[in-house]
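*Asks:* Chain by chain, the residues run as shown.
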Amino acid sequence: MATFKDFRNSIKPNWCPGCGDFSVQAAIQRAAANVGLEPDDLAVVSGIGCSGRISGYIKSYGFHGIHGRSLPIAQGVKMANRDLTVIASGGDGDGFAIGMGHTVHAIRRNIDITYIVMDNQIYGLTKGQTSPRSDVGFKTKSTPEGSVESAIGVMELALTAGATFVAQSFSTDLKELTSIIEAGINHKGFSLINVFSPCVTYNKVNTYDWFKEHLVSLSTIEDYDSSNRMMAMQTLMENKGLVKGIIYQDKVKPSYQDLAHGYSKEALAKVDLNLPEEKFNQLMAEFM
Amino acid sequence: MIDQLSWKVGGQQGEGIDSTGEIFAMALNRQGYYLYSYRHFSSRIKGGHTNNKIRVSTSETRSISDDLDILIAFDQETIDVNVHELRDGGVVIGDSKFNPTVPEDLNVRLYSVPFTEIASELGTSLMKNMVAIGATSAVLGLPVESYLEVVEEIFARKGAKVVEKNMEAIQKGADRFNELSGGQIDGFQLNKADGKKRMFMIGNDAIALGFVAGGVRFMSAYPITPASEIMEYLIKKLPEFGGTVIQTEDEIAACTMAIGANYAGVRTITSSAGPGLSLMMEALGLSGMTEVPLVVVDTQRGGPSTGLPTKQEQSDLMAMIYGTHGEIPKVVMAPSTVEEAFYDAVEALNIAEEYQIPVILLTDLQLSLGKQSVEPLDYSRVEIRRGKLNPKEELPDTDDKDGYFKRYEVTEDGISPRVIPGMKNGIHHVTGVEHDETGKPSEVAANRQKQMDKRLRKLQNLRFNVPVVKQAPHEEADILLVGFNSTRGVIEEAIPRLEADGLKVNHAHIRLIHPFPADEMKSMIDKAKNVIVVENNATGQLANILKMNVGQHEKIKNLLKYDGNPFLPSEVVMKCKELV
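Protein sequences appear in the order of chains A and B.
Residues in the first sequence are numbered consecutively from 96, following my numbering.
Residues in the second sequence are numbered consecutively from 83, following my numbering.
The hints are simulated quantities; they were obtained by calculation from the structure and are not laboratory data.
Predicted model only: the values in this text are computed from it and were never measured.
All C-beta atoms in this analysis are idealised placements derived from N, C-alpha and C, irrespective of residue type, glycine included.
Do not rely on the hints blindly, as some may be mistaken.
Stated by the list, open to error - Residues from chain B shown here face chain A by an in silico Cβ test under 8 Å; the list is partial:
no. : residue
1   : Gly129
2   : Thr206
3   : Leu208
4   : Ile341
5   : Tyr345
6   : Lys506
7   : Val512
To be verified - Ranges between beta-carbon positions, derived for each pair:
no. : chain 1 : residue 1 : chain 2 : residue 2 : range
8   : B       : Gly469    : A       : Lys346    : 25 to 31 Å
9   : B       : Asn631    : A       : Ile106    : 51 to 57 Å
10  : A       : Glu308    : B       : Gly469    : 34 to 40 Å
11  : A       : Phe99     : B       : Pro473    : 28 to 34 Å
12  : A       : Ser245    : B       : Gly408    : 46 to 52 Å
13  : A       : Gly248    : B       : Leu544    : 50 to 56 Å
14  : B       : Asn507    : A       : Val130    : 18 to 24 Å
15  : A       : Lys346    : B       : Gly205    : 50 to 56 Å
16  : A       : Pro371    : B       : Asn543    : 51 to 57 Å
17  : A       : Glu308    : B       : Leu471    : 31 to 37 Å
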């Protein structure tokens, strides 16, 4: 049995001291060990940006792709080998700006992977520009007079896109975050986990203290039922999206892999590639 | 008796013009004739003129013909647009419903047959196509029974009654034509064919079949003309082998998903046309940089931008060779026949895995969609080679301090051992960032140079079967004709005509576009006074590539066509004569 230490390597992350991403990395390592994975059972696929570096900091198979495309790559990995646990990860720019098209379609496609977004509401690696998660009025290098575009309510959007697992967490709540990631890995279908992971260098508004003040834990809401989509939507809207916990989970809907017609139960990567001659002749005869 | 003729059916899109041509061609293919078809269509589903031109021959043919023997018209527009293509003494059969007329100055024979009326009398006007096929049979002197097998197959699901009605429509069409013409007319009777069984397929079918035979088990793609048939075939067939196809949200997802699946060890492809390839360019660079095998089909169509989506062009050449920023090793291969398209599809998969690179399988609309008779394919030529992919599930311990596998180990041939996720002791990192031997990001100058050299070294010893198809009977030729993709047939047809005029003509059809087979082309060019490069684009891209790799600019001349239509043999002949 692997422990979280087995998911560590010797690389020192190039994140700023105090960056929220350190905890997200630790939570992924702990969750992987807690659900019983070995490092070679796991593939972490990441996008581009500060948080995109995470695939190199976890000892597992890692694929650091291109900006905004962690989800299609991760879905391809999972389709090729359904025995692997696949985690896609990246920042809010990666997932909700350049990669938003993929995010929405990955949600509705419902392939059994876990998507962890490190949401800091700013572009960090390019030194502080606005993100689709930045609030109206937020001043950045690219919005010196304050952002005039609305922030995307990604949790609400995920619900309308047909998500089967929607959760939000905060990087300092290592214990809760770890258990949500475990639940995401165990969920049979696509799980979206948005993690508020403050940028200590470029976002002086949405700080650790700001989140502590504004985030509402779903565990404090009486009779909150995460299987109730309507309640999930209403709670999100009432709290301007600033909630944490498992917001919604559909435990009934089968994953894409279970619905795809003819899709092999055995990992495709292990299936014999050779086409028998008789079958080949049959395929040719269909054109005659 | 004749050995070949051309037949065309035309009308409004959505009127069943394609299926009319299809039934006619399939029936003749079954009798052992060689068929070659060209569809004129627009980017819309209903309305607008469309036609399907089919050449029938007793010997192999890979080009449309200059003229036309028989024109079947479902509207006057079909006659107006196509009548000038008819040969002297050609036949027009029009639906009497629209009172067909032909220009008086043309020597063509017009027959007005009540296609719609006969069909309606039999129950539904939809069968007017069958009446037209019957009239065609009468012209050709083919027994109506020739169609029975095909009609039975097409309408089997609808029951014996429907089959019977359709056969009756064919019979009535033939009878009516004979009444009008007073029996068989001269000059249209085909010699008997060899009766051999051949496939009747488009290039996209052959490519898709090649992928199934070559071990593809997953595909991610986005629909586009003229590539969608590849995806549609795999959607039908892959589930039989446990595989599947995902229709993605766009071509960026299609390409990156294919990269993810290839990385994880499944032979995965994607296919598209120019606009899709433009979107895939960044991902091609990722495949090159991460050394993840990838095969992408580009079915060229008229560009730029949306261009001429349903028309022939060969203008993606430069984009395919040079596309993606930075420098990666890449192979661009260009089959020139449907048979080659099949074998090349298999080989593209092997090359991608052996060299761990992206491979572009380039076709053009006419090769991808031109339906034709194809000899049975050779199963024994299908082989699966996966190069340095480690087949074991467990690897020995590594000496890396983090236990990482050296996925990008610097080797003599530049190709590193490859493992896939899930293997014990195979953990490594893959990134589009420059990296060291275990895949960890590295900006160290010496490492950068080593890894760049390693990647680019992979293609130095590329083994490629027949990079140039050569027909070079002359040691000193007046003309060397050079082409790629679907122009092969038209060039082959032009050559005997040029030779009949006393010109000595050699032919080189380039199948490996990149890395360019410079040595082979140089020896061909040395033997020719003039080099004429035949290509469907406006800037002479292949000619420029030739000049860049071989020099001898003064000899190299352009023969270009970019109006959306494939070359006719007569155009090649005429322009060659002008150029020399």
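*Asks:* Give a verdict on every hint.
*Replies:* Now for the hints, and whether the structure bears them out:
no. : hint                             : verdict
1   : Gly129                           : 30 Å, violated
2   : Thr206                           : 28 Å, violated
3   : Leu208                           : 26 Å, violated
4   : Ile341                           : 6 Å, holds
5   : Tyr345                           : 6 Å, holds
6   : Lys506                           : 5 Å, holds
7   : Val512                           : 5 Å, holds
8   : B:Gly469 to A:Lys346: 25 to 31 Å : 43 Å, violated
9   : B:Asn631 to A:Ile106: 51 to 57 Å : 44 Å, violated
10  : A:Glu308 to B:Gly469: 34 to 40 Å : 57 Å, violated
11  : A:Phe99 to B:Pro473: 28 to 34 Å  : 32 Å, holds
12  : A:Ser245 to B:Gly408: 46 to 52 Å : 36 Å, violated
13  : A:Gly248 to B:Leu544: 50 to 56 Å : 52 Å, holds
14  : B:Asn507 to A:Val130: 18 to 24 Å : 22 Å, holds
15  : A:Lys346 to B:Gly205: 50 to 56 Å : 54 Å, holds
16  : A:Pro371 to B:Asn543: 51 to 57 Å : 33 Å, violated
17  : A:Glu308 to B:Leu471: 31 to 37 Å : 53 Å, violated
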